[in-house]
Every structure is written in C-alpha cells, then in structure tokens.
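Student: Sequences and hints are given; from them, build the entire structure.
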Amino acid sequence: MFLASLIKELQLVGRDLHALLVLFAMPVVFVLIMSLALQEDYSNRGGVKLAGWYLNESSDDEAHQLQDNLMSVPQLQLSVAADDWRAQLMDGKPLFVLRIHERFAQAFTDTTSTVQLTLYFAPNAGSRERLLIQAAVKRALARVNLQVFLADMGMLDDDTNISDLMREDVLAVEHLNRPGDITNEAPTAVQQNVPAWLIFAMYFIVIPIATTFVQERQQKTLSRLKMMGISAWSLYGAKLLPYMLLNLLQLALMLMVGAYLVPLLGGQALNLDVSLSGLLVMTLAISVSALGFAALVATLVRTPEQATIVGGTSNIILGAIGGIMVPTFIMPPVMQTVARVSPMSWGLEGYLDILLRGGDWRSIYWEAGVLIAFGLAMLSIAIVVFTKKRE
Amino acid sequence: MKSLTGMCAALARIDVTSSSANPILIDIQQLNYQYPRAEQLAIDSVSLQIERGALFGLLGPNGAGKTTLVSLIAGLCLPQAGRILIDGQTACLGQRAVAVVPQEYAFYGQLSAVENLAYFAGVLGLTGAEKAQAIASASHAAGLNEVAQRRAETYSGGLKRRLNFAIGILRRPQVLILDEATANVDPQSRAFLLDTIRDLNREGVTIIYTSHLLDEVQQLCQSAAIIDVGRLLRQGTMQELLHPQEKTSLNIDLDQPPSSALLAQLQCKLQGRQRLHWPQWQALDELADLLATITSSGCKVQSIHYGSQSLENLFLSLTSRALRD
Chain B
1 MFLASLIKEL
11 QLVGRDLHAL
21 LVLFAMPVVF
31 VLIMSLALQE
41 DYSNRGGVKL
51 AGWYLNESSD
61 DEAHQLQDNL
71 MSVPQLQLSV
81 AADDWRAQLM
91 DGKPLFVLRI
101 HERFAQAFTD
111 TTSTVQLTLY
121 FAPNAGSRER
131 LLIQAAVKRA
141 LARVNLQVFL
151 ADMGMLDDDT
161 NISDLMREDV
171 LAVEHLNRPG
181 DITNEAPTAV
191 QQNVPAWLIF
201 AMYFIVIPIA
211 TTFVQERQQK
221 TLSRLKMMGI
231 SAWSLYGAKL
241 LPYMLLNLLQ
251 LALMLMVGAY
261 LVPLLGGQAL
271 NLDVSLSGLL
281 VMTLAISVSA
291 LGFAALVATL
301 VRTPEQATIV
311 GGTSNIILGA
321 IGGIMVPTFI
331 MPPVMQTVAR
341 VSPMSWGLEG
351 YLDILLRGGD
361 WRSIYWEAGV
371 LIAFGLAMLS
381 IAIVVFTKKR
391 E
Chain A
1 MKSLTGMCAA
11 LARIDVTSSS
21 ANPILIDIQQ
31 LNYQYPRAEQ
41 LAIDSVSLQI
51 ERGALFGLLG
61 PNGAGKTTLV
71 SLIAGLCLPQ
81 AGRILIDGQT
91 ACLGQRAVAV
101 VPQEYAFYGQ
111 LSAVENLAYF
121 AGVLGLTGAE
131 KAQAIASASH
141 AAGLNEVAQR
151 RAETYSGGLK
161 RRLNFAIGIL
171 RRPQVLILDE
181 ATANVDPQSR
191 AFLLDTIRDL
201 NREGVTIIYT
211 SHLLDEVQQL
221 CQSAAIIDVG
231 RLLRQGTMQE
241 LLHPQEKTSL
251 NIDLDQPPSS
261 ALLAQLQCKL
271 QGRQRLHWPQ
281 WQALDELADL
291 LATITSSGCK
301 VQSIHYGSQS
311 LENLFLSLTS
321 RALRD
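Chains as they are written, first to last, in the working numbering: chain B, 1 to 391; chain A, 1 to 325.
Hints were generated in silico from the structure; no laboratory data involved. Cβ coordinates follow ideal geometry from the N, Cα and C atoms, glycine included. There's no promise every hint is true.
Among chain A residues calculated to face chain B with C-beta under 10 Å, some are [said to hold, decoys possible]:
1) Q95
2) E115
3) A118
4) R151
5) Y155
6) I167
Heads up, incomplete: computed chain A residues facing chain B, CB under 10 Å, no partners named [unchecked claim]:
7) L93
8) V98
9) A99
10) Q103
11) F107
12) A121
13) V123
14) A191
15) L262
Pairwise CB distance ranges (calculated) [claimed, not checked]:
16) A:Q265 / B:E305: 53 to 63 Å
17) B:L20 / A:Q133: 27 to 37 Å
18) B:L20 / A:S156: 24 to 34 Å
19) A:L318 / B:A377: 52 to 62 Å
20) A:G157 / B:A37: 51 to 61 Å
21) B:P304 / A:R150: 22 to 32 Å
22) A:A183 / B:V384: 29 to 39 Å
23) B:R362 / A:Q133: 52 to 62 Å
24) B:K388 / A:R150: 33 to 43 Å
25) B:K388 / A:D253: 50 to 60 Å
26) B:P304 / A:G157: 16 to 26 Å
27) A:L287 / B:E305: 22 to 32 Å
28) A:E153 / B:A252: 40 to 50 Å
Tutor: Structure follows, in structure tokens:
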C-alpha cells in the first residue's frame, strides 16, 4: 500500500511541470539577483577589508609610522591615492582617503597646531564603516603619539613593544551564545543568499502538496482511499516523501549555482570545502519541518485557491521574519529574538554554522533537533485533524 | 482509523462466492445520522433490508440522503443511532466486502488508466500476479483496453465513468455501490456500463444503484427504495412498488395551473404545477365527464396517461413534487 502510494506520488510530482518550475527556477533566480546585487554591501559587513587610500604629504617619520600602523589593521586595505582621488572618492571607490598633511609631525610638539590629518569618506560609506575607520585611525594615531612621548622621555629603544605598552591585553572579549542563537558574524552575499533562498524554496512545497490534497478531497479520491482502508500515516508518508527527495535535489542545485554560476556572473563563489554530511543533515531537518508544515496547511485549507494564498503568504511571512529577505545580523536585537519564531531562521543559522563557521553535523544538532520536532509536531496535528474531519 | 481498519480486515474475510442461510445481506436498522452543526437529521430512522444478490435501486432527489446513506454503508460516517449489518458484521471503514463507485471522478487525471488501476490495486493490497490479473480484468470489463495508456484527463466523460467503475471492481466485492454511475455519459457508454452491471449481478455481486434516471432504475433493478429528506418512503420489489393492489393511475397534463376550486371539485392531487394525478382511477366510463369539467373551467388538456404506475408517478405521489425539483 505504501509503496504503491509512493510510486503514484512520484509520478504526479514528475508530471507537475509548473510546480517543478517554481521549486527549482525561482530560488535560482533569487540567488543570482540577491547575491550579485548585494555583493558589495555584504562585503563591507563581512570579512572583506575596507578599501581606502592614503595621501602622505609629509616626509616625517611620524607620518610613515602612522601609515605603517594603519597598514597593519586587518580590517583595512590601504594603498596610495591616485592623483584624481577626489573624483574617484565621489564615485565610491575607494571608501575613504586619509590625507596626512605636510606638517603632521608638528602636531606632536605644538599643541596649538591646526589639523594635520584629514579623513575623507565616500558618499556611500555607511555609518558603521565610518565609525570603524575612524576608530582605526585614532588608534593608529594614539600609537604614534605614545611612540613620540616615549622617545621624548628617552624610554624608546629597539626592544620597546608599543603594543604591550598600549595595554590592550587588559580587554577580554566574550561573545555569549546559546545553542541556536543568531550570531552577528556576517556572511558574504552568496553565503547568505544560497541557504536563505534554498530554505524559502524548500518551504514552497506547501503549495503543490496542499493543492493536490485539496483536489483529492474535492474529487472524493480521498474518500475512496479511506473506504479502501488506507491509513492516515501511510497516506501522508507516501505523499510527503517524494517532496523530501525534491528538497535534496534543490540543495544540490543551489550549491552548484552558488559555487559555479554566481562566480561566472562576477560574484563570489560559494566555498564548498565544508562538511557535506552537515549540509545533508541540516537539509533533511529543514525538509522534515517544511513537510510537516505543508501537511498541516494541506489538511486545513478547503480549496486550491486557499492552498495557494495560505501557503504562499505564510511562506513569505516566515521568510521575512526568519531572515530570508533581510538578514538577521542587521536586525535589531528585538527582531532577532522575534526571528526565532520562524523555523526558517533555525534552518538558516544551521546552514551558516556549516558554510560560514566551518561546523559539521555536531554543530547543528540543536537547530536540526528543533526543526525535526517542529515538523513532526505539525504532521501529528495534521493527522489528528484529518482523522477527525468529516469528508 | 488504523485500528478500526485492522479490525475490519480481520473480521470481514468475505468473498463473493460465500453463501449464507440468511437471504438478507445488508440490514439497516433504525439508522440516524446528523452532520456536525446541521439542524436536522440527514438520515432519519431508516430501516432497510437488501437481499443477497439483489440489484437494488436507491432513489431520491438531490439532498434526499442517498449519498449519506451510501457513506454510512461504506463506513465513511458513523451513525448516531441504529446500525448497519453487512452479512452479519457491523459496517466499518476499510471493509473488504463493500466497494463504492462514487459519483465524482475519484481518480488521478495525470495518470493513465493502467497507472490508476495499478495504484488502487496496490492500495487494496494486491501484489504480483494477482494484481496484474485484477488490473487486466477490470480494464477489460470496463472496456478500457484501447485507451489504457492514455492519461485519464484526456478521456471523454464516458471513458472517465468507465475508469471510475473499473477501480471499483478491481477486487470483486460482495457489495458494489454505484452512485450515479451513468451521469453525463453518452448512450454507448451507458449501455456498456449497464450491461456490465447486470453481468456482475449475475455473478453474485449485490449491487446498490443510486440514480436520478427513473427509467434506468425501473429497467435495471429488481427492487428499490425511495427516500426523501432523510426518510424512507417506500421499499419493495418493482412489482410491489409499481402495481399496488393491481390499481392504475391517471395523469392529465393541463396548459395552465388549475384553480384550487377545480382541484377540490376533481378530488385529485396536483403534481408539479400543471399535472392532475389520481393514484388509482378505475371509473374509465366517467373519463368524458371529467374532461368536460376540466375544459369548462377554462383549462385545456395537453395529454392524458392512464396505465401502470411508473416510478416517477410513485415518487410524485409520495412526495408531491418532481424528482428533479
């Protein structure tokens, strides 16, 4: 009975070309558009360096020292300014220009001296980038100031370690995290969008599942099956398993798109040197949650139109809340908490644990567990409602 | 539902050829059923007996309760009162003895006839050679062999009815319930289906046939029941239903609705808006006076029917309205 149902569902899924188009073509389009369009924006938030120029008009040692200090800042990527630096800065490349004035060294000896260091920002520089760059420049300036002071005091020699004297080692940084928490480590555009739109597409199976369920109910096929003695678990299981297979195919397709198609169009490639077993476990967990949700919607709606509207709308809402359209790392803390209501956010964090943070299946046990529990709970409710409902 | 199905599978080990001393196969006793949140009973104190091997007609207008009764016999609904016994066993979901061919096209249009039959045969638990034999037999009996590989959604209405029927006879049941089996079907397919139904009945299958087409039921069925508004109005063999006490009926169709004064004068019933009906009329020599009275009232006679009771007349006399109202 179960095998016959499974074969039938595979046949039906394979012949539903519209559904297949939505489930595969839609996420590919979204990944391409979002990864390419927001690549710069993501790179400015993530691990890629903030590009800037320096214009050194001074020949003093202090100016060169400042330059060296800034070169060693890991978040900055400095190079010499071009002659038309103002025009290029207005165009947004580079992000900033640091002009060291001719009498820069005078600032350390003459407290009445005027501005000897100017930081110019491009129009598109965000407030967070400006603060980060300003802080780096001020820190580098403080190091130079300390060096000058120590030299004046006769305490600077070849063994002097400015970093030790800055005593930054007294600051310890701890980022507290509960399992499943959203972290604010920023992914690249492709690292965010491939898993995000994959999850969105996986949940979109709610529409074809609910539609076929409603059609079976309306055509009395469901009644016929009940009279033949089919069990609810057999009915649901056979109906949902082919879509789990579809979800796995979606995973394969989206990884290929991220790794090979996005870079062909000028975007960053998705690094696939990650735990594939972790990706598989996470995908299966997300699939279980999506299938359970789909089963419940299918049981509750009465018409194909309701299936489309309820399925599509709920998908969009869960996606918006869960960090699919707007990444959670740029949400305020309150919204990040709200995001955890959406199972999609759990799935996305699980994927990021693997793609961004280099974890494996052991890193995602919490997210996977929550998603599987969610899916099974939804499926159980669906079956209870199904068995109690009059056809 | 699963445990109930399992219980029924264990209890109802019935095949068509089993014989029993009890000639009554289906015994419906004081059945009541009310849909959730409905104000009145859909089935109201219905008691009905259907003999083993009968070809039994179930008649009634839309909303009479025919499909509800079918659902109760099939075990799809549970009655609030009364019971249904099928060969001595309580009717329940998944019972092997009963198969239903619903009014709707309850199959998958995206699949071919063969694929549909293979699926439903699998659901019934058929495997291997037995499954292949059942598919071939059902396909042949329904005349689908030539179109078996085409998707069902491309079929005509007649072929769809045949496929619907073929699924119902995959595993020869003891009771086959056909709900409007020939609705919207071309005459050729209709004749084919009716012949197949007669063949099945000759092989020993008890058939319950619901239909709006009274002529069809009158020709096909040996016995019938008429229900309306959830109540059983009359049950019996065709002979009993159509020739009560060997009396005949008289119907006169007028060109306009008669006045209430005329109706009172003629002491007859009004069927529909323009038909005068006497369930039993024996005074043929008074027919001329009757017609003169009608004509003098200003009405014109369009047709006169005098003869054996038809099912339609019986129904009209029982319910005072047309079957299609």
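Student: With reference to the structure, classify each hint as holding or not holding.
Tutor: Checked hints:
no., hint, in the structure
1, Q95, "8 Å, holds"
2, E115, "6 Å, holds"
3, A118, "7 Å, holds"
4, R151, "8 Å, holds"
5, Y155, "14 Å, violated"
6, I167, "7 Å, holds"
7, L93, "6 Å, holds"
8, V98, "7 Å, holds"
9, A99, "8 Å, holds"
10, Q103, "8 Å, holds"
11, F107, "7 Å, holds"
12, A121, "7 Å, holds"
13, V123, "5 Å, holds"
14, A191, "25 Å, violated"
15, L262, "47 Å, violated"
16, A:Q265 / B:E305: 53 to 63 Å, "57 Å, holds"
17, B:L20 / A:Q133: 27 to 37 Å, "35 Å, holds"
18, B:L20 / A:S156: 24 to 34 Å, "29 Å, holds"
19, A:L318 / B:A377: 52 to 62 Å, "54 Å, holds"
20, A:G157 / B:A37: 51 to 61 Å, "52 Å, holds"
21, B:P304 / A:R150: 22 to 32 Å, "24 Å, holds"
22, A:A183 / B:V384: 29 to 39 Å, "35 Å, holds"
23, B:R362 / A:Q133: 52 to 62 Å, "53 Å, holds"
24, B:K388 / A:R150: 33 to 43 Å, "38 Å, holds"
25, B:K388 / A:D253: 50 to 60 Å, "51 Å, holds"
26, B:P304 / A:G157: 16 to 26 Å, "22 Å, holds"
27, A:L287 / B:E305: 22 to 32 Å, "60 Å, violated"
28, A:E153 / B:A252: 40 to 50 Å, "31 Å, violated"
Hints 5, 14, 15, 27, 28 from the earlier list are contradicted by this structure; the remaining hints agree with it.
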